[in-house]
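Undergrad: All chains, please: the whole structure from these sequences, using the hints.
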Amino acid sequence: MKILVCISEVPDTTTKIRFTDGNKALDTAGIQWIINPWDELALTRALEIKEASGGAVEAVTVATVGAAQAEPTIRKALAVGADNAIRVDAPATDAWYVAVQLAEVVKSGGFEIVMTGRDSADYNGASVGGMLAALLDYNTLSSVSSMALDGGKIIAGREIDGGTETLEAELPFLAVVQKGIAIEPRIPAMRGIMMARTKPLQVVPPVDTGCLTENVEFELPKSRGACRKFAADEVKALVDVLHNEAKLI
Amino acid sequence: MSVLVYAENRDGLFRKATLELLSYAAEMAKAMNTHVVAIAIGCVQTDELVKLGQYGAVKVLKSNPDFNILDIKAFAKIIVAAVEKEQATVILFPGSINGSALAPAVAARLKAGLVTGVVALPTSFDPLVVKKMVFTGKAFAATKVTTPVKVLTLSQNSFGVAEPGTGAAVVEEFGVEAAKSAISLVEVKKQTGKVLLTDAEIVVSGGRGLKGPENFGLIEELAELLGAATGCSRPVSDEGWRPHSEHVGQTGKIIAPVLYIACGISGAIQHVGGISSSKHIVAVNNDKDAPIFDVADYGIVGDFKTVLPEMIAAIREVKAK
Ligand SMILES: Cc1cc2nc3c(=O)[nH]c(=O)nc-3n(C[C@H](O)[C@H](O)[C@H](O)COP(=O)(O)OP(=O)(O)OC[C@H]3O[C@@H](n4cnc5c(N)ncnc54)[C@H](O)[C@@H]3O)c2cc1C
Ligand SMILES: Nc1ncnc2c1ncn2[C@@H]1O[C@H](COP(=O)(O)O)[C@@H](O)[C@H]1O
Chain A
1 MKILVCISEV PDTTTKIRFT DGNKALDTAG IQWIINPWDE LALTRALEIK
51 EASGGAVEAV TVATVGAAQA EPTIRKALAV GADNAIRVDA PATDAWYVAV
101 QLAEVVKSGG FEIVMTGRDS ADYNGASVGG MLAALLDYNT LSSVSSMALD
151 GGKIIAGREI DGGTETLEAE LPFLAVVQKG IAIEPRIPAM RGIMMARTKP
201 LQVVPPVDTG CLTENVEFEL PKSRGACRKF AADEVKALVD VLHNEAKLI
Chain B
1001 MSVLVYAENR DGLFRKATLE LLSYAAEMAK AMNTHVVAIA IGCVQTDELV
1051 KLGQYGAVKV LKSNPDFNIL DIKAFAKIIV AAVEKEQATV ILFPGSINGS
1101 ALAPAVAARL KAGLVTGVVA LPTSFDPLVV KKMVFTGKAF AATKVTTPVK
1151 VLTLSQNSFG VAEPGTGAAV VEEFGVEAAK SAISLVEVKK QTGKVLLTDA
1201 EIVVSGGRGL KGPENFGLIE ELAELLGAAT GCSRPVSDEG WRPHSEHVGQ
1251 TGKIIAPVLY IACGISGAIQ HVGGISSSKH IVAVNNDKDA PIFDVADYGI
1301 VGDFKTVLPE MIAAIREVKA K
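Here the protein sequences line up with chains A and B, keeping their order. Going by the working numbering, 80 is the number at position 80 of the first sequence; the sequence numbering is gapless. For any residue, its number in the working numbering is found by taking its place in the second sequence, counting from 1, and adding 1000.
Take the hints with a grain of salt, since some may be wrong.
Ranges between beta-carbon positions, derived for each pair [to be verified]: (1) A/Arg197 / B/Val1186: 38 to 46 Å; (2) A/Arg197 / B/Ser1184: 38 to 46 Å; (3) A/Val241 / B/Ser1181: 37 to 45 Å; (4) A/Lys153 / B/Gln1045: 43 to 51 Å; (5) A/Ala52 / B/Glu1187: 17 to 25 Å; (6) B/Asp1238 / A/Gly210: 51 to 59 Å.
Think about it this way: if two alpha-carbon atoms lie no more than 20 Å apart in a straight line, the pair counts; the simulated SDA-like pairs of lysine to any residue are [to be verified]: (7) B/Lys1180 / B/Phe1067; (8) B/Lys1279 / A/His243; (9) A/Lys24 / B/Phe1067; (10) B/Lys1180 / A/Ile155.
The hints are simulated quantities; they were obtained by calculation from the structure and are not laboratory data. Just so you know, even glycine gets a beta-carbon here, dropped at the ideal spot from N, CA and C.
TA: Laid out in structure tokens, this is it:
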């Protein structure tokens, strides 16, 4: 059995977002690129599942749809412990385009378990995982916050509005994961970094498909007015303002 | 032509996110010169279904009442069948956990363009252009959809619930033969009686500045007094002081309440991303230079240990009047 973890590359979460080209494109100057936080956690859990499987899971593969610039991020996933990687050599234009590419990767590689993140921290599509499961017609769960392999079945916990569910799902299976799937991402050790250099990173051409959506323009949120500060002994005054003036409470 | 709304129910009742979505759909249908049809999957009583008419649905498709857990594959097939039957050109989902899971499944099966996290009515209908949140609250994008059928999810609390009218929706049985599900429920745990973080008008949130789980009683007390939901920063849920479901921010919940009260939260960029759509922000922090004050509208510089009990007492007083 093989697990595929889909990883996207996003700006570091502390990045101050700026746009260029008349607000038509992200200003990438000085941006540090990282593995999308969810995908890093998904990879961490995939490796744990493999290690606990007693050989039933042969390999954990990572796949990215992206240009050659994404390779350092892919190498980082290999350093963390992925066995090999696939890069579909095309820019990630929209969710449909990416999902179609990944569906091809899953089919040609025979992956029975696929993991994606809840959303990419850049354009917050929250789309690729759900689309990919639909294209593959795989059994699928979203907001997965715990996952284990149990005798050829998946046992998963998921968040629902106001609670949690534990479910059992048959393979083939795609998990869209979120917080809880792992708490801290696995950090590459020196040995992992050395080994990552020689692990296989296969580059494949994209299949032919189009885009269905396009971000035509960006804007930054309106800045808020100055904060009205109250001293520690003016709690009553603040409550008064919130009640009588702002009518919030 | 029609606008199809996925009317999500929670234990047989329509939640606020569904009513907000119908309010949005009604405006969209007006602009497109068409009507709104809703689809409800799972067990909902007829009078509850009829009520959707008050928010603009002319018809409600009542489907598969025996479905009590979300099987994305099965639900998506039902919704796709409804899209075809109603010749819907716009399909709307709430930005709730389950709505967000269904939208891409339906979009892919229809090869329809999808925009998630929509925060306003379209600025153009031909071609369709809508504003959505990107970079987890740090920016917005105007996104164009180029397919004839469009799927959108609406960010919760971004549009508001319209005043209910007097309309009554026609209820129509819409059974779809579903294959045996390959997903089965082992266990479910639900909190009852608590305001949902993503639905709440007011959220009271605590950070690492509260020092330990024992001090969250103050957060709960204030929240209860205000009819608010409780939230927290990431380290607080990572430490297990509070459940993961309360974690607010880039890697937790993104919320848009009318009032957000942040206590002992420094205001890290990843936290602020999750609250930047709040209409008003109040911060309680003993460091006058804490970055949370840069995004707050009101602030108290002080120790939560004295500020929160005083705030609770003062609010009790104004509420009693
Ligand atoms: C990839 C990534 C994703 C992340 N995602 C999130 C996210 O989604 N949400 C999130 O919250 N964080 C997130 N973080 C973590 C974030 O960077 C901060 O570490 C975190 O938000 C800090 O939490 P805090 O404000 O509770 O704690 P601290 O930063 O420790 O702040 C505590 C605050 O309490 C104040 N304080 C202390 N004592 C008192 C007192 N007695 N009375 C009043 N105030 C007091 C202090 O002045 C301070 O401002 C993420 C980090 C990374 C790397
Ligand atoms: N370019 C990409 N390459 C590989 N996986 C991706 C890519 N974009 C998105 N994904 C996966 O899909 C998830 C959701 O992304 P999105 O729909 O873009 O918000 C991510 O967490 C990844 O697991």
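Undergrad: Each of the hints needs a verdict: does it hold here or not?
TA: Quick rundown of the hints versus the structure:
1. Distance hint check for arginine 197 of chain A and valine 1186 of chain B: the Cβ-Cβ separation is about 43 Å, which falls inside the suggested range of 38 to 46 Å.
2. For arginine 197 of chain A and serine 1184 of chain B, the Cβ-Cβ distance of about 44 Å falls inside the hinted range of 38 to 46 Å, so the restraint holds.
3. For valine 241 of chain A and serine 1181 of chain B, the hinted distance range of 37 to 45 Å is not satisfied, since their beta carbons lie about 54 Å from each other.
4. Taken as a hint, the range 43 to 51 Å is violated for the pair lysine 153 of chain A and glutamine 1045 of chain B, whose Cβ atoms sit roughly 35 Å apart.
5. A C-beta distance of roughly 21 Å is found between alanine 52 of chain A and glutamate 1187 of chain B, which places it inside the suggested range of 17 to 25 Å.
6. One distance hint, 51 to 59 Å for the beta-carbon pair aspartate 1238 of chain B and glycine 210 of chain A, is violated here, with the actual separation near 41 Å.
7. Restraint check: the Cα-Cα separation between lysine 1180 of chain B and phenylalanine 1067 of chain B comes to about 11 Å, which is no more than 20 Å; the hinted pair holds.
8. Annotation: proposed proximity of lysine 1279 of chain B to histidine 243 of chain A holds, straight-line Cα distance about 15 Å (limit 20 Å).
9. Distance check on the hinted pair: lysine 24 of chain A and phenylalanine 1067 of chain B sit about 44 Å apart at the alpha-carbon level, beyond 20 Å; violated.
10. Distance check on the hinted pair: lysine 1180 of chain B and isoleucine 155 of chain A sit about 18 Å apart at the alpha-carbon level, within 20 Å; holds.
The structure is inconsistent with the numbered hints 3, 4, 6 and 9, although it conforms to all the rest.
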